[in-house]
Amino acid sequence: MTSAPQLQTERRQGTDGPLLDVTDLKTHFRSERGLVRAVDGVTFSLQRGKSLGVVGESGSGKTVLSRTIMGLLPSTAVLSGSVRFAGQEVLGLDSRQLRHLWGREMSMVFQNPMVSLNPLMRVGHQIAEPLQIHLGMDKPAALEYAVKLLDDVRIPEPHKRVRQYPHELSGGMRQRVMIAIAMACGPTLLFADEPTTALDVTVQAQILELINEQRQERNMSVVLVTHDLGVVAGHTDEIAVMYGGRLVEKAPTKQLFANMKMPYTKSLMRSIPRLEDASHTRLLTIPGRPPDLVNPPSGCRFAPRCAYARERCTVEEPPLVTAPGTSDHTYACWYPVGSPEFAERDEQIMNDLAAGTVAASASRAAG
Amino acid sequence: MAGTGKAHLRDDADDIVLRVDDLVVEFPIGRRAGRRKVVVSAVAGISFDVRKGETLGIVGESGCGKSTTGRAVMQISRPTGGSVVFEGADLTALPAEVLREARTRIQMIFQDPISSLNPRRKVYDSVREPLDIWGRGTDAERATLVDEVLEHVGIDPERAAESRPHQFSGGQCQRISIARALVLDPSLIICDEPVSALDVSVQAQVINLLEDLKAQYGLTLIFIAHDLAVVKNISDRVAVMYLGKMCEVGSSEALYSEPAHPYTEVLLNSIPVPDPEHEAVAVDLDGELPSPVNPPAGCRFHTRCAYADEVCQTSEPVMRQVGDAGRDHYVACHHPLVPAVAVAVG
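Residue numbers (numbering that gives the first Met the number 0), protein chains in the order written: chain A, 0 to 366; chain B, 0 to 345.
Worth double-checking, as some hints may not be accurate.
[Stated by the list, open to error] Restraint-style ranges between C-beta atoms, simulated for each label pair:
no. : chain 1 : residue 1 : chain 2 : residue 2 : range
1   : B       : Ser314    : A       : Ala277    : 43 to 49 Å
2   : B       : Ser290    : A       : Asn350    : 42 to 48 Å
3   : A       : Gly48     : B       : Glu147    : 57 to 63 Å
4   : B       : Ser314    : A       : Thr196    : 34 to 40 Å
[What the hints assert, rightly or not] Derived pair list, reagent style DSS-like, types lysine-lysine, alpha-carbon separation capped at 30 Å:
no. : chain 1 : residue 1 : chain 2 : residue 2
5   : A       : Lys25     : A       : Lys159
6   : B       : Lys36     : A       : Lys159
7   : A       : Lys265    : B       : Lys5
[As the list claims (entries may be wrong)] Which stretches of chain B does chain A cover? Using the computed rule of at least three CB atoms under 8 Å from a CB of chain A, they are:
no. : stretch
8   : 172-182
9   : 204-215
10  : 247-256
11  : 284-293
What the hints contain is simulated information worked out from the structure, not anything from laboratory work.
Positions of the beta carbon are idealized from the N, C-alpha and C atoms, including for glycine.
Looking at chain B on its own, in the form it has when it is part of the complex:
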């Protein structure tokens, strides 16, 4: 198989809420010399699954396709190929009206909390709108529900009824966005960099809030972020992306204690540690991110990898298990930093 492999996918019997198979998202950027269509390959064949009640973290640098992946699951950016099976239905194949309904079960929280709320509406109305659109319950029931959800995220409903987004701080606006995502009682919430615009103290509040709500509402989360420490804190399982491909997937404990992909190692070494005694490891990353219009052949990371050889330039690595057998840790690399689990041929 030419993709990055699916060894890391789990059994359907395992209470899988979302299963993404060979997801491809390409954006056309015109034609070259009047012939060939030129495309940006934002997501190039990735597969993953999310178990009920689990938090999957997706990390990577800008341009790696992590946000596009989140949007493709929601069908905001229509996938060019592959399938997105959510609660048993393939979202890519659903007729528009059925898809619209299915989407109420998946909600999204975005990076910039202030600009993702309508500046001209009272925030209470913004939170209530999904209920009005779907005609859930009676007027009184809707009001009770909105009050309750606002209370849960720590916003005073009375203040919400008379204030607009600019009257709240960034952290409060993010709480309001979370409330809006919760009113329709979704099973999956995709959080796209929900805390990266916030101060560290507020960031901690929002992370704790997401953890509490997850338990309270029985949510499944996909948490997309570039900050590896934040992702580790909130995730059960973490996937690392680079240039549209998935490099490494594993339980947060396995992936952070023993990174197996050279790119994951670089990412971990780059994090500034709040300790002046900490010996910084020189970041060993050559050159710039290659263009997704013309990605490198073989392993997409080989142009910047300290361990790359000829194999990496020509053949694309396939996802395989590493470390102790039975450990949830998979990597797509020809020269993993953790020895691969021997697979019996046959």
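The shape of chain A in the complex, shown without the other chains:
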């Protein structure tokens, strides 16, 4: 029998290229109204041991993106483009082939730990199951390894906990169990889809820290999907911002926060209430709603909601370009933050905001 740690080292000494290479990926869904372009031409790559934050509002395609890479889509999905995992094309594999990847190569932590665990099964058995199926361990060995995994995710008294049912654990504990299951077979890529949204702030901080620790210990890559810029700021190497099924900005985390180019990223950032601001500080809002993915607007998809949009934005779609002076900061915008056109308009907006006129019009236009 091969143990999980042995398998991991074999795989880790693989190729040098990026672990994940996604090119012009499109995930469309057939519906009564027509094709829903949930992910519409996304290209990016992720190195081994790195973490990528995927940020966007609901309907931006961030969850569909990770589910497409994992191969967890309903039969209505129409796929095109390419997803190379460790040099091998994985897009369009059938579930029998995918089963070799799931667990051992890539796995996922879902948002709601309350509904993602089987309520009728002891948590130990739920952790042991992938070990038996994917790694061929026998049951006693798998259960013993489950205790070690619970210990790894900092669950006190793991010997006692393996025998318990999910309802006997708190929400934070259950999410730790989910992480233990996802990491059981030593995956090289972990997807965490809003892993802390259902949890309290104190627990959230602990869970994010845990994912980070495990990533470093296991040299695992992590894709952290969230709507919360605060969550990705402290816990990722790179950030990709999605809007309307497209990747609109991507940069190393520090670079992005220091120098946001896309007005959408900037607006998201400004709409977050900040602790250092005084009470009753007016929040800047993004009027309107995310685009209809059946008939996306022409030109830049954010243009109808963008306070900085000009005529060109509604006609011509901006390509993803590299920010001057950098090699790894890309964005898709005709009048990025920092350009003269932008600065002019920005000053006007801030003045209006101070005068209280923008806010009123924004809340009226919203929805």
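Since the structure of chain A is provided, determine the placement of chain B on it from the hints.
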């Protein structure tokens, strides 16, 4: 006194709309060994007041009793003990029919905007229903009022008349819920996690809307949420709850700049800051939330507190003023992080 004290309560002359005294809410969960009744102590003797036009934020983690507190004020969960005095009348003592009428002056907005609207009714009818029930005005007056309120929350009345909740987004449904709460012209609105199910951009819209409506309709708000940054933005005064008790109360400025309760400090340090240069402070919180069936003696936070000693295990701290005298800042802690105001004995 065994409770958490009332030093933070203000004078009645101060235009107090709502005054909650020693509120206790317990839920029976069966009997143990056929003898003693076993109860969950969800709210264990808290007191607070809300001034007219003020926004009181209540924060705390799941299980701290913040939602139960809001529901107990409305008398949805009947309090086991204590009083809830709203506009001069004790709601806990009112006969059912009088209470029903008093409740039109307090309205509630819930967390999940889509499931708090009837999916089978046109949203216009949902907003209008309170007026029909109470027979306010003539038919035409009701229609005008509903149109006006819908306009104020940014929903097109014509669309509302022909659409059902699933045809609106989450943010729009929350606007509709707000409109429904407003039609009866309440003086107090209890918002229970009204923005936590929404995207940040929509969250900002709803917060701004609540601020505008508060000014327009002269409302008093109780804003219950777990997100401390959101609560700070909207509140004048903030109360922190832990396991059914109130730990700290103060003006948002005082409480956020100088948290005095170790639990408040932990909460503030846990917030993810949208700035990669920000040095995260290690969250110093041991173990799990204790069970409210069998809460710890003394200070309920002592089992997880980095500053706890023997006193904390046996004696329950009483609310007292901290910081500069005259500052609106009170804490129930034996070892507050901000020095207590010396009280003259006598």
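Numbers of the earlier hints that this structure fails to satisfy, in rising order:
Numbers 1, 2, 5, 7, 8, in rising order.
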